[in-house]
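Trainee: Each chain is listed here by its residues.
Protein chains: 4
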Amino acid sequence: MSWLENSIMARKGVARGKVGAEHRLTEVEQGSYHFVYGPYASPVLTVKPGAVVTVETVDAFGGAIKSEQDKPSEKLNFPYLNPQNGPIFVEGAEKGDALAVHIRSILPRGPQPAGTTALIPEFGGLVGTGVTAMLNKPLPERVKKMQVTPEGGIKFSDRITLPYEPFIGTIGTSPQIEAISSLQPDAHGGNMDLPDVAPGAVVYLPVNTTGGYLYLGDCHGTQGDGELCGVAVEIPAIVEIQVDLIKGWPLAWPRLETEAFIMTIGSARPMEDAARIAYRELTRWLAADYGFEELDAYLLLTQAGRVRLGNMVDPKYTLGASILKKYLV
Amino acid sequence: MSWLENSIMARKGVARGKVGAEHRLTEVEQGSYHFVYGPYASPVLTVKPGAVVTVETVDAFGGAIKSEQDKPSEKLNFPYLNPQNGPIFVEGAEKGDALAVHIRSILPRGPQPAGTTALIPEFGGLVGTGVTAMLNKPLPERVKKMQVTPEGGIKFSDRITLPYEPFIGTIGTSPQIEAISSLQPDAHGGNMDLPDVAPGAVVYLPVNTTGGYLYLGDCHGTQGDGELCGVAVEIPAIVEIQVDLIKGWPLAWPRLETEAFIMTIGSARPMEDAARIAYRELTRWLAADYGFEELDAYLLLTQAGRVRLGNMVDPKYTLGASILKKYLV
Amino acid sequence: MSWLENSIMARKGVARGKVGAEHRLTEVEQGSYHFVYGPYASPVLTVKPGAVVTVETVDAFGGAIKSEQDKPSEKLNFPYLNPQNGPIFVEGAEKGDALAVHIRSILPRGPQPAGTTALIPEFGGLVGTGVTAMLNKPLPERVKKMQVTPEGGIKFSDRITLPYEPFIGTIGTSPQIEAISSLQPDAHGGNMDLPDVAPGAVVYLPVNTTGGYLYLGDCHGTQGDGELCGVAVEIPAIVEIQVDLIKGWPLAWPRLETEAFIMTIGSARPMEDAARIAYRELTRWLAADYGFEELDAYLLLTQAGRVRLGNMVDPKYTLGASILKKYLV
Amino acid sequence: MSWLENSIMARKGVARGKVGAEHRLTEVEQGSYHFVYGPYASPVLTVKPGAVVTVETVDAFGGAIKSEQDKPSEKLNFPYLNPQNGPIFVEGAEKGDALAVHIRSILPRGPQPAGTTALIPEFGGLVGTGVTAMLNKPLPERVKKMQVTPEGGIKFSDRITLPYEPFIGTIGTSPQIEAISSLQPDAHGGNMDLPDVAPGAVVYLPVNTTGGYLYLGDCHGTQGDGELCGVAVEIPAIVEIQVDLIKGWPLAWPRLETEAFIMTIGSARPMEDAARIAYRELTRWLAADYGFEELDAYLLLTQAGRVRLGNMVDPKYTLGASILKKYLV
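Residue numbers (the numbering used here), protein chains in the order written: chain C, 1 to 329; chain X, 1 to 329; chain H, 1 to 329; chain R, 1 to 329.
Wrong hints could be hidden among the right ones.
The list makes no distinction among identical chains, and a pair is therefore deemed to hold if it is satisfied within one copy or across any two copies.
What the hints assert, rightly or not - The list that follows gives simulated cross-link-like pairs (lysine-lysine, DSBU-like), each with its CA atoms no further than 35 Å apart:
#1 K18 to K71
#2 K137 to K66
#3 K18 to K155
#4 K95 to K326
#5 K12 to K155
#6 K137 to K18
These are computed hints drawn from the structure, not numbers from a lab.
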């Protein structure tokens with residue numbers, strides 16, 4: 001993958017994008033999973049820049065929904081949802097730096113059907129919720145289990161097979177002093193549910209505390225834009241990531257790079273604020289690193305910016321704004 | 001284009017998608033352009049289903065911005081912005097029907113540089129406006145003129161050439177009793193600024209009054225998702241459309257069809273409401289016409305729905321939600 | 001009412017706030033009621049500044065809901081809702097002027113029970129609607145009829161009598177070229193549902209067209225902040241207003257004055273934009289007419305501004321921002 | 001204060017609203033102030049239900065802004081803003097209970113001028129911020145210091161004296177597993193900036209962890225609705241509260257009681273969601289405790305509900321919805 005050799009990670013990283021030591025974070029080594037992103041937990045692993053870590057994630061329900069007869073309201077125990085691996089302490093990381101996380105692969109694990117989606121009362125994009133508070137009665141609960149394999153795709157129904165397009169739903173660093181629910185996305189990353197956080201991409205995350213404290217979990221076999229009902233094809237997974245460290249690159253919000261484009265990610269309500277965050281970050285990035293005058297960057301993104309809706313269901317909505325690298329030369 | 005022969009227009013249209021009489025609506029034949037979508041204007045043209053109409057549109061500024069030295073605040077005269085061709089009276093159209101508008105081609109016209117973008121005070125997605133009211137000072141005004149040709153693309157700058165990806169920024173029918181500014185998108189269509197309204201696509205629009213009263217204008221040479229600063233690559237154009245009529249198909253909001261996907265379009269503030277509208281319409285469409293149980297459609301769109309952000313700058317924001325036809329068989 | 005002699009209407013009005021000719025606009029004289037605010041209707045009455053007009057309004061349902069057994073979904077015929085009196089042509093009014101409308105009295109009329117409230121499917125602040133689109137089932141329909149008298153108040157139930165606190169739910173001028181549904185509030189006024197538009201107050205409305213074209217209707221016997229379910233105590237009424245004209249006072253949004261305070265009114269979605277509009281207008285008003293430096297006005301309103309929520313149910317939400325006159329000396 | 005003897009606190013509290021032991025929490029006894037609401041700090045004080053606690057709060061800037069020449073951007077060190085007293089451990093409090101906090105008095109303390117307001121870059125209701133992200137330049141910074149005394153009021157300027165109407169800007173309990181910035185309001189209370197949280201009122205707060213962990217700080221000498229520029233009349237204060245415990249009263253959101261009314265409090269973005277939360281909670285409360293059928297409560301609040309806007313500047317906006325007790329008999 002030659003583009004990676006010219007990625008921001010390779011050009012700015014402490015390890016120059018080179019692969020370092022290998023680590024494993026199995027379920028057993030993880031022990032307790034975490035339900036907040038914060039500095040109050042003890043690191044489960046310490047790595048040097050360049051480290052490759054193989055992580056065994058559990059699904060967003062911690063495996064609690066085992067069959068289509070299970071009722072989510074009976075099996076789930078709020079706020080103990082969306083369990084996360086980590087935190088991983090990255091040596092040398094200090095506030096004002098950025099972690100670069102190259103996603104090398106995501107594979108489903110565990111018995112089939114490995115995929116779960118569900119209708120959960122008062123959760124989702126087309127229903128009243130705890131905050132978009134309505135008096136209407138909730139929808140009925142429902143669970144769908146799906147076979148998920150890289151080769152065979154996702155068996156949504158007898159008629160419909162969806163492609164296996166896995167990504168990490170929740171990934172981020174610790175906030176400086178807050179401990180934020182793993183259900184929420186924010187400036188530190190978290191539950192962004194953005195399909196671009198997929199194998200091949202490099203995610204750049206702000207470091208807010210010594211060691212960075214990288215958390216991740218909540219893999220999805222595939223997902224539509226917006227994660228409409230709130231539950232994608234949730235899978236337990238084996239995730240292989242490479243972690244590098246970029247010193248002195250303070251990021252207000254997460255960023256992402258692929259072979260084709262660079263992206264900024266905003267999370268907020270209402271949704272237009274997520275779009276404003278993402279596009280302002282991208283405007284400023286073009287001005288800071290790509291030789292554009294700020295207002296010219298604004299005009300260019302008007303004509304060539306692309307938007308990807310991550311989620312429209314979490315406590316904050318997530319949007320990525322991107323531009324093709326070919327316009328940045 | 002064989003897919004068209006199996007399009008909804010072909011299957012349900014009065015003219016069965018067949019091409020009928022040809023009409024021209026030149027600048028001269030148009031005479032006065034319109035600044036509202038409403039039933040109070042007299043039709044400039046009456047056509048039968050199947051008619052092909054070649055329309056000469058002016059740009060969103062009515063050509064008032066002629067050079068990069070022009071100041072938009074001096075040249076533009078609110079509310080006389082975004083001039084529209086039409087209304088076109090479609091014989092047989094009654095409330096509860098739908099117009100099918102197949103976009104056959106869009107070509108730039110007039111002297112080069114044909115394309116205009118600009119920064120206009122208190123307008124745009126990253127500035128305070130008349131409704132997202134701020135005390136901050138406005139950005140400076142700016143105009144950029146660009147060569148726009150189908151072969152050569154769009155000369156954004158010395159370094160950057162953007163592809164020619166034209167579409168109709170504003171198209172719709174008359175509301176039943178309202179006359180809505182051509183700057184605004186709503187249930188009748190209007191200023192949606194959605195790049196999918198492009199050559200090859202068929203747009204389906206609700207008929208609210210006898211004759212439907214089709215208006216269009218505001219062509220763009222290309223545009224990024226969201227039309228960030230509020231002004232795309234605005235061009236005067238020659239647009240060729242084919243208009244068919246579908247009886248007894250009441251649409252709450254506009255829809256769109258291409259070879260690959262079907263799309264529903266919502267316009268609202270905040271942006272999540274535009275997404276909710278689009279996705280609810282799509283859910284209901286799958287249930288009505290494609291054999292899905294409604295909640296199963298909701299689950300499928302969660303995994304396979306796609307979102308396109310049209311504009312994040314108009315009086316209402318516009319989003320399209322779509323699904324690939326291959327999942328609907 | 002001595003404060004009126006020092007009101008803005010008295011100080012700036014063409015008629016100096018003096019009472020002029022008396023006019024009546026009975027149901028018979030009104031003839032057809034209107035369902036849009038626009039310039040396309042013919043004036044039903046022409047008055048000089050200072051005129052006092054006694055208007056017979058019908059309720060928001062045009063009287064269609066006659067008993068608690070009526071089902072709104074069967075009796076109401078969208079978009080023919082919220083019928084309005086007018087337009088009243090005010091001699092001398094030109095774009096850039098303002099109308100001053102002093103509300104002298106509002107009395108219920110017609111047989112008792114004169115008051116109606118109702119639950120209407122997909123309408124209201126705590127339910128999914130056509131734009132906050134949900135898949136949840138609508139609430140059941142319901143109608144409540146209430147005795148409404150100035151002396152006896154409003155008989156909400158055996159246990160509860162609410163005070164008679166009448167106001168005009170919908171009042172405004174014509175937009176310049178649009179015809180806007182009488183269900184919608186906007187910069188021209190319209191369906192603001194703001195309880196401060198009550199007897200004793202003077203409302204100031206922007207003039208956008210020659211003659212101003214004043215419309216009004218939709219009186220409420222009382223209403224809570226936000227008009228939560230979407231339907232206040234709707235009553236047919238006899239409204240007495242005094243209309244004056246202020247030349248050369250361009251208003252971006254409606255304003256209001258009472259003995260105690262001045263208020264600016266914003267209508268938008270999301271709700272924070274309505275608040276931003278109202279507070280920015282008030283900030284600018286303090287700077288323009290009351291000797292404040294703009295940022296000092298901003299600081300003062302931070303400590304002493306008051307907000308009244310009109311509606312949280314209409315196509316735009318309405319908020320009034322006010323400050324006590326005693327701080328403006 | 002006889003109404004208190006019939007308050008919910010008196011009727012349901014473990015201490016029956018009776019005054020118990022007296023405690024002091026001076027600056028010295030507090031030691032480190034806190035910048036998050038969470039379960040990870042150690043209690044600074046343990047009390048029994050009925051306890052009266054006298055608390056020395058510092059202002060929202062921790063006293064860092066000492067003169068009108070100070071620049072907030074130089075003196076403030078984000079996220080170390082809005083320092084809080086506590087946590088106070090309430091014996092017997094378990095998840096599912098509620099704390100009742102009767103505010104007995106708030107007095108300014110420290111040298112005069114004790115009050116501070118300021119314009120802080122990218123913070124406030126009428127400016128672009130970190131989330132409502134704009135490209136406009138920030139407003140200039142500004143600091144205003146004010147004399148604040150209970151007798152003499154607040155000297156806003158030579159011309160304007162505002163009344164001393166003190167309240168607690170930030171008060172709440174610990175979330176169950178999160179540690180939430182003291183700048184943010186949410187279901188646990190926090191930075192609500194709601195002027196009704198004033199002497200005489202009883203605030204009811206959900207208990208999410210053993211001991212409840214009560215935090216408070218951020219007193220204001222007065223404040224307008226919405227706290228427009230983001231900074232009220234910030235004062236260090238001596239606050240006297242009485243803390244009682246109500247067993248088995250799970251609250252989804254904070255509530256408040258005065259002699260005249262009961263109120264529910266919602267915090268969310270966009271602002272309409274804060275209103276929806278508050279009004280749904282109030283609807284449900286009327287149904288649960290006051291004998292109303294739910295939809296009848298909805299209709300009553302439509303006619304008699306009142307809304308108070310707390311803040312329109314914090315990470316979530318806060319609104320209180322209330323109804324007069326006289327309608328609940």
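Trainee: If the cut is 35 Å between Cα atoms, do K95 and K326 qualify within a copy, between copies, both or neither?
Mentor: within (32 Å within a copy, 48 Å between copies)
Trainee: When Cα atoms must be at most 35 Å apart, do K137 and K66 count as within-copy, between-copy, both, or neither?
Mentor: both (26 Å within a copy, 29 Å between copies)
Trainee: Given identical chains, is K18 near K71, meaning Cα to Cα at most 35 Å, within a copy, between copies, both, or neither?
Mentor: Classified as neither: same-chain Cα gap 46 Å, cross-chain 45 Å, threshold 35 Å.
Trainee: Go through the copies and call it for K18 and K155: within, between, both or neither, with a Cα cutoff of 35 Å.
Mentor: neither (37 Å within a copy, 39 Å between copies)
Trainee: Which holds for K12 with K155 at a C-alpha limit of 35 Å: within a copy, between copies, both or neither?
Mentor: between (41 Å within a copy, 32 Å between copies)
Trainee: Could you figure out if K137 and K18 sit no more than 35 Å apart (CA to CA) within one copy, between two copies, both or neither?
Mentor: Answer is neither: 54 Å inside a copy and 41 Å across each miss the 35 Å cutoff.
Going down the numbered hints, you'll see the structure goes against 1, 3, 6, while the others check out.
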